[in-house]
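Engineer: One-letter residues, chain by chain:
Number of protein chains: 4
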Amino acid sequence: MDACALKSAERLVPPSYVSQGQEALGARQAKIRLLLEQRKCPKQGWDDLTIELILNDLAAMDSNNFSHNCGVGEREGRVYSDLVAKRHFRLAHGLGRSGDLAETQPKAAGSSILYKLTNAMMLDLIRQIGVQKTAACLVIPMATGMTLTLCLLTLRHSRPQAKFVLWPRIDQKSCFKSITTAGYSPEIIENILEGEELRSDVEEMERRVKHLGADNIAAVLTTTSCFAPRGIDKLEEIGQLCAKYNIPHIINNAYGLQSSKCLHHIQQASRLGRVDAFVQSTDKNLMVPVGGSVVAGFDAAFVAEIGKTYPGRASSSPILDAFITLLSLGTEGYAKLMVEQKTLKAELTESLRRIAEKHGLRIIEARSNPISVGWGSHTTSYPHPYLTAAAAIGMSKHDINLFTERLEKCLIKFLKQRANNLGKKVEEKQEEMKMQEDYASQEKTAKKQEGSLDE
Amino acid sequence: MDACALKSAERLVPPSYVSQGQEALGARQAKIRLLLEQRKCPKQGWDDLTIELILNDLAAMDSNNFSHNCGVGEREGRVYSDLVAKRHFRLAHGLGRSGDLAETQPKAAGSSILYKLTNAMMLDLIRQIGVQKTAACLVIPMATGMTLTLCLLTLRHSRPQAKFVLWPRIDQKSCFKSITTAGYSPEIIENILEGEELRSDVEEMERRVKHLGADNIAAVLTTTSCFAPRGIDKLEEIGQLCAKYNIPHIINNAYGLQSSKCLHHIQQASRLGRVDAFVQSTDKNLMVPVGGSVVAGFDAAFVAEIGKTYPGRASSSPILDAFITLLSLGTEGYAKLMVEQKTLKAELTESLRRIAEKHGLRIIEARSNPISVGWGSHTTSYPHPYLTAAAAIGMSKHDINLFTERLEKCLIKFLKQRANNLGKKVEEKQEEMKMQEDYASQEKTAKKQEGSLDE
Amino acid sequence: MDACALKSAERLVPPSYVSQGQEALGARQAKIRLLLEQRKCPKQGWDDLTIELILNDLAAMDSNNFSHNCGVGEREGRVYSDLVAKRHFRLAHGLGRSGDLAETQPKAAGSSILYKLTNAMMLDLIRQIGVQKTAACLVIPMATGMTLTLCLLTLRHSRPQAKFVLWPRIDQKSCFKSITTAGYSPEIIENILEGEELRSDVEEMERRVKHLGADNIAAVLTTTSCFAPRGIDKLEEIGQLCAKYNIPHIINNAYGLQSSKCLHHIQQASRLGRVDAFVQSTDKNLMVPVGGSVVAGFDAAFVAEIGKTYPGRASSSPILDAFITLLSLGTEGYAKLMVEQKTLKAELTESLRRIAEKHGLRIIEARSNPISVGWGSHTTSYPHPYLTAAAAIGMSKHDINLFTERLEKCLIKFLKQRANNLGKKVEEKQEEMKMQEDYASQEKTAKKQEGSLDE
Amino acid sequence: MDACALKSAERLVPPSYVSQGQEALGARQAKIRLLLEQRKCPKQGWDDLTIELILNDLAAMDSNNFSHNCGVGEREGRVYSDLVAKRHFRLAHGLGRSGDLAETQPKAAGSSILYKLTNAMMLDLIRQIGVQKTAACLVIPMATGMTLTLCLLTLRHSRPQAKFVLWPRIDQKSCFKSITTAGYSPEIIENILEGEELRSDVEEMERRVKHLGADNIAAVLTTTSCFAPRGIDKLEEIGQLCAKYNIPHIINNAYGLQSSKCLHHIQQASRLGRVDAFVQSTDKNLMVPVGGSVVAGFDAAFVAEIGKTYPGRASSSPILDAFITLLSLGTEGYAKLMVEQKTLKAELTESLRRIAEKHGLRIIEARSNPISVGWGSHTTSYPHPYLTAAAAIGMSKHDINLFTERLEKCLIKFLKQRANNLGKKVEEKQEEMKMQEDYASQEKTAKKQEGSLDE
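So the sequence lines, in the order shown, correspond to chains A, B, C and D. When we follow the numbering used here, the leftmost residue of the first sequence carries the number 18, and every step to the right adds one. When we follow the numbering used here, the leftmost residue of the second sequence carries the number 18, and every step to the right adds one. When we follow the numbering used here, the leftmost residue of the third sequence carries the number 18, and every step to the right adds one. When we follow the numbering used here, the leftmost residue of the fourth sequence carries the number 18, and every step to the right adds one.
Take these hints with a grain of salt, some might be off.
Any copy, or any two copies together, can satisfy a pair, since identical chains are not distinguished.
Stated by the list, open to error - Dumping the calculated DSSO-like pairs for lysine-lysine here, alpha-carbon to alpha-carbon at most 27 angstroms: (1) LYS103 x LYS353; (2) LYS180 x LYS353; (3) LYS24 x LYS57; (4) LYS433 x LYS180; (5) LYS24 x LYS227; (6) LYS48 x LYS414; (7) LYS133 x LYS57; (8) LYS180 x LYS103; (9) LYS24 x LYS60; (10) LYS103 x LYS227; (11) LYS57 x LYS414; (12) LYS353 x LYS24; (13) LYS227 x LYS150; (14) LYS57 x LYS426; (15) LYS180 x LYS325; (16) LYS48 x LYS430; (17) LYS103 x LYS48; (18) LYS375 x LYS353; (19) LYS430 x LYS57; (20) LYS359 x LYS261; (21) LYS60 x LYS414; (22) LYS353 x LYS325.
Honestly, the hints are just simulated from the structure, not real lab data.
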């Protein structure tokens, strides 16, 4: 309701009430105005009503919602099901144009503004929580694996003859596939044990660079977030190596946006060496449904090139989720979640240590891993079988309590069975260790690379 | 998004796209502005997006949605369940203040504006579709029966000694109860057969007035909409009688707002005689869930008095339904529904006539009844057993086809059974005529007043 | 999805996953089954998904949602606007039949079950939180004022000649109007000061009974919840009086369901004397939008009679809100809210005391009032001007802090102005004490009965 | 509500009403059961209530909605914003596992079932509407361009040395980019004029195969749906060529699923020659928001390989849209849309012909193009400037009328200006032909390839 409408409302209810309501409405409009003016993630989160106000306004700006529209294109944003239209707040045109994700879609001014704001808020957040020098970012409506593939495909433009991607081993299938799907051959660098933690073997990496020839290497693909006992890759040293040999460096920061430690290492690697892009999942870091990722970098031109490499339009659904959630959280809300994650990681470790000690087991120290704690892969020769557990953003104390309680029950049952079946082979015993419902959520103990590549 | 916000948006997408979006947004805001300026039901219905735009704005004007509110009253519009809050578009404060429905609720400027607009649109619609002289109306958040009680309770102020309500018989329980619950004694005037139709016995009514004494009569309560073979009451003649003896005249126009015929008679009764209020159901006429009614009249002061008689605040839920639906329909949409109803009434009659003739039965002519068609109550002595069917607003041709098809199946089955059971008593046969699922929607053939009072 | 459907699902995903999902689905279905079997408010609140599961199932049982329905009644639950249909979870038929709220509506098995469950859960809750002997209750889709009117109208059946309602004064308009709208004459019993608290004058009440004659009195209408310095009425003594003289006793327990103290007194009054019904608001006690109330009593027949007095069908919207909220809260959730309210009442009192002392003012002791705290009406002669504040259910510590902070600012401003305007009259000064936005929520300081009757 | 729950309900409402409601509920459950049993697109579309019933059940089967879940993985489907959770019907886990889209996600049995059902319904629909021999299909949560890239990347496994994609020119950027992003070099085959229509030059294509060497060609990428005057590619002849030289054949059928003509040619091409996959957009063909596509083929193993090539999990949002819409439409609903599209294409052509003739212009005959009609690219040398318009699925007669009316206004304005500016150059005049709002939806007249590559 504009000023004229509100003026007319004074003939319906006393002006003082109108003015009070106008003030309240104005306070919300002011938030919206500020967002568009400053293009920063708000400090304090917005309530749902304000979020709906801006979404409805943006929807009204998309041509499929124009009252007098008569589309004769092949793609007019018509939506058959009302259930579908409403769940997308009537945004139907997706993102991008002419194969550039970041370009304004002429039929969808509202969706285009929403996308620019989401990228701007995301950039602001990344800078505030730890990677101050980030030059640009794009929220991509594909999950991390496919987005890593897109980054690697983009590199082909400048390094057409390159065939290899150097990759400190991380036993997670989608990461591996992101390389092969992009048409590259993964050059696996085995990690080495430092204490009980698996860390990147930078010396071996340099040997491999020399052996293959830097020009034949499309990129080094490192990882920050992974299941213990693997630690975060040595980003700074690898960054320096990449700078030295002029090799692009892509960081798989899948669930590392929530960790100030991961972000700090990225920032440092960029300062001391070379980082072309770091990619993180929206679902793991922003608590939205699976489907989006953020590609960020220190060179705006490279980030833009990734957007231009994407062929055609794309779903705006993961962007909408990120937009709503960034507004809901605000930077303060996100910072609070990060602090809670840190605390809960410590509590989870402590709870596991207590159980471990009680049953003659122990916690594997993976000090560089800020999220996951574990008892033994990411290698073909880890000395112990183990189990991992992660304290990711959004977890609660209640989750930890419930988990450790159930874990202990399983352990006791397992240990009893082991005592009863001394003659049987160890592998059979491990088979017996059937985890219930909630264990489905954990990577299984595994020695074979095949199994551990699962996600 | 205000003009400043849109100006800022030009740094995100090209100005020409912003301006195109702004125009589209402006077109919706213009509709909202016009509604507040003119306070008329829009000619063309609005789409859901525009309706949501105004509802969100109105919600933002209610104090329970103020960002910096700190309520220390006993009633602050706090809503526990998010499911509940959202289904009410976050309007929680209800209607009215100090026991006056129509008064602005200080904590709820938005809800108050919504209520005034609903009443204004409703008044506009009633005038446009047939009762041009209507002075005022109130949408009441209670169904027709309880609202009739409220009207009768309001009359007590001016006629404290009155004990009777004169009532041309209509076999529908809630109507009867609306009188007794208000503490009055219903004086039933039996209808008389005119052809096959039951019409009001105005002469008997006048005799009764003289016998009881006009001052002892709180009101005459007439009915327009009812199941055939009862016809519409003789509103004009009864209106003249009420004028002559100075007796209030309340019309139960339950589902008559959809009928230009009923509206015409109300208008005429008011012109030639006395009509204090006519009451109609929102669910039956506006296709909203059960729960609201409209009380309209030719003397704004009396309508206002009814609002003031209501004790305390009231639910805004039925008002919200009416508001949304009036905006969705527009006056053109409503007029279209009225035309369709008329056509379908004729088609229903014709379909029933066809079946009736085929099976040696016939249609009862109730020419003054614009909605319902039937084969025989509202009297203790109707000469035939019958069945009624109504063509109410919102019905479709498909409904008629399905109904008549099923009806004929039942009839054939019934007639066969009758042939097989000639020796059995007639009452038993009627018991056999078990109607399936869809017949639950019809008043059962009944001779006994008790049964036929059901609704 | 039934067992067969799930069996088929095993051809889509591995049986172990289906069985895990089935278990989860079954856990929710078990909650629904238990609710229907036991008809008790669940101990632990349900999440929204389970609530939506049961609501969708209930909706599917209403005839307007039958796939092959062909309605030819005048009232088929057709809903024009999809926005409206969805906000009511597609329940359109309202409540009741033939003018009995509690009777099953043949077209709406789902809505009818929902209503019975709501009443059963409400009864269970009332018993658990303090009024163990409650025999029956009905959630009424009208707010407290109109429901009190309905109770009084119901009493007319058994006491046709009664003209008066005895009423210990409570300065709240809707309460007063509930008597006059029902056609009775309120006999106001002035409260007397006990310490600084206004309490019911039982002796004067008995004198009045004798003077008017018990048979001429329709009921005594007492109040538990009110703004301080008025305390809760002396329910036990008045209950005994009612028993002695055989006069119905209706308790206006508007926002007293949240207070174990109010409930205790009601229980005691019933044990020691007579209580016919106690009425409470759903919005004030269950944190739902305004529009519903609960009438409860110790004689199931009387409660049923109230339901039967209601003419026609009624809105199911306030019932739906109560249903959702009772399921969301569970008895444990409600008990928790009650404890919080008690704590916050103490904190509010303490905060106000601190400010009062600092500025040479004081708190009025109204020890019997469990919700409201104040500095001075409900009488024509209270010795001091005052302000009231309530700690109602759902309030937060943050609300109290914000309120006391703002209150102090106002006070300081007011005291300064008074110092500057010593020559002006006291009434003018009170006029100056204009409260901002959030004060709109409080009863204004008032000596005149007129003003203080506002709500 | 299961049978036990319903049995208990009989203590709340009469058994006959419960049984009627149970029947209605059962009818919906039967639809769900049938869907799971037969895994076919229903013939008649479902209403929203039934769709919500199955969605709620599926959601309850995903681990993030388990009541007693305690996730300690890094990805537990936690959703921060309630707005976000609800718009996804609480499905948060996305699709796929271990980099195989089609594999069951252990944490999300419900989402996995939903995906399998969507693929099964889609396959059923494709077979029914024209490509009977389709062996398998996958709905991919990426738009057509990126999905074409994924298909091409998949081919790399079997043809590692191939560098070229043969491509009959189609001036649409995302198609071109889908080749380059996959790392291939597009070999453009210019179209030739047949009458006024541009058709594929199969002879030139064969020359090019011989010249490049079949093993160096990753695929031939043909197009069915495009803006006139380009016609559909000669799928049958090209299919035979592909078979002869053993080259994969991918068909870009972007908006051709709605056209029985396109589907017929695909079916024939497969019968007579080789087709590896045909890809279509969900938004263009199913009227859902942009973001999904369907890859279908005649060899289930190849389709499965595409799913396995996708790295990591993926958004389920486009799948959810397709699922809801397929259920809403049913095969009958879709067939009806197809018929309407055909009729409207004819009407659009006729309307344009009328205007064209009136103003001395003419329609370009592009007989093989079933959707688009035009007056002049897709070539560097089309003899006339032209404008195109498409009659896509979901268009209405009203759209055509509004469009032709506005078009004529523009034309008249343009022709007047041309008369006034005879001395000016032709190129300048074309610049003047500024199209308003609705023309944004059309490909601009263009001779330069650059411009015409836009989408």
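Engineer: Indicate, hint by hint, whether the structure satisfies it.
Structural biologist: Now the hints, each set against the structure:
1. LYS103 x LYS353: Classified as between; 24 angstroms across copies, 31 angstroms inside a copy.
2. LYS180 x LYS353: Neither: 43 angstroms inside a copy, 51 angstroms across copies.
3. LYS24 x LYS57: between (32 angstroms within a copy, 16 angstroms between copies)
4. LYS433 x LYS180: Answer is neither; intra-copy 52 angstroms and inter-copy 60 angstroms both fail.
5. LYS24 x LYS227: neither (75 angstroms within a copy, 54 angstroms between copies)
6. LYS48 x LYS414: The answer is between: 26 angstroms across copies meets 27 angstroms, while 33 angstroms in one copy does not.
7. LYS133 x LYS57: within (11 angstroms within a copy, 40 angstroms between copies)
8. LYS180 x LYS103: neither (46 angstroms within a copy, 44 angstroms between copies)
9. LYS24 x LYS60: Intra 32 angstroms, inter 22 angstroms, cutoff 27 angstroms: inter-copy only.
10. LYS103 x LYS227: The answer is neither: 56 angstroms in one copy and 53 angstroms across copies each exceed 27 angstroms.
11. LYS57 x LYS414: Neither way: LYS57 and LYS414 sit 31 angstroms apart in one copy and 31 angstroms across, limit 27 angstroms.
12. LYS353 x LYS24: neither (42 angstroms within a copy, 33 angstroms between copies)
13. LYS227 x LYS150: neither (30 angstroms within a copy, 52 angstroms between copies)
14. LYS57 x LYS426: neither (48 angstroms within a copy, 33 angstroms between copies)
15. LYS180 x LYS325: For LYS180 and LYS325, both the intra-copy (22 angstroms) and inter-copy (21 angstroms) Cα distances are at most 27 angstroms.
16. LYS48 x LYS430: neither (56 angstroms within a copy, 30 angstroms between copies)
17. LYS103 x LYS48: Answer is both; intra-copy 24 angstroms and inter-copy 21 angstroms each pass.
18. LYS375 x LYS353: Neither, since 33 angstroms and 36 angstroms both go past 27 angstroms.
19. LYS430 x LYS57: Answer is neither: 53 angstroms inside a copy and 37 angstroms across each miss the 27 angstroms cutoff.
20. LYS359 x LYS261: neither (35 angstroms within a copy, 62 angstroms between copies)
21. LYS60 x LYS414: both (26 angstroms within a copy, 22 angstroms between copies)
22. LYS353 x LYS325: Close neither inside one copy (35 angstroms) nor across copies (38 angstroms); limit 27 angstroms.
Violated hints for the displayed structure, listed by number in ascending order: 2, 4, 5, 8, 10, 11, 12, 13, 14, 16, 18, 19, 20, 22.
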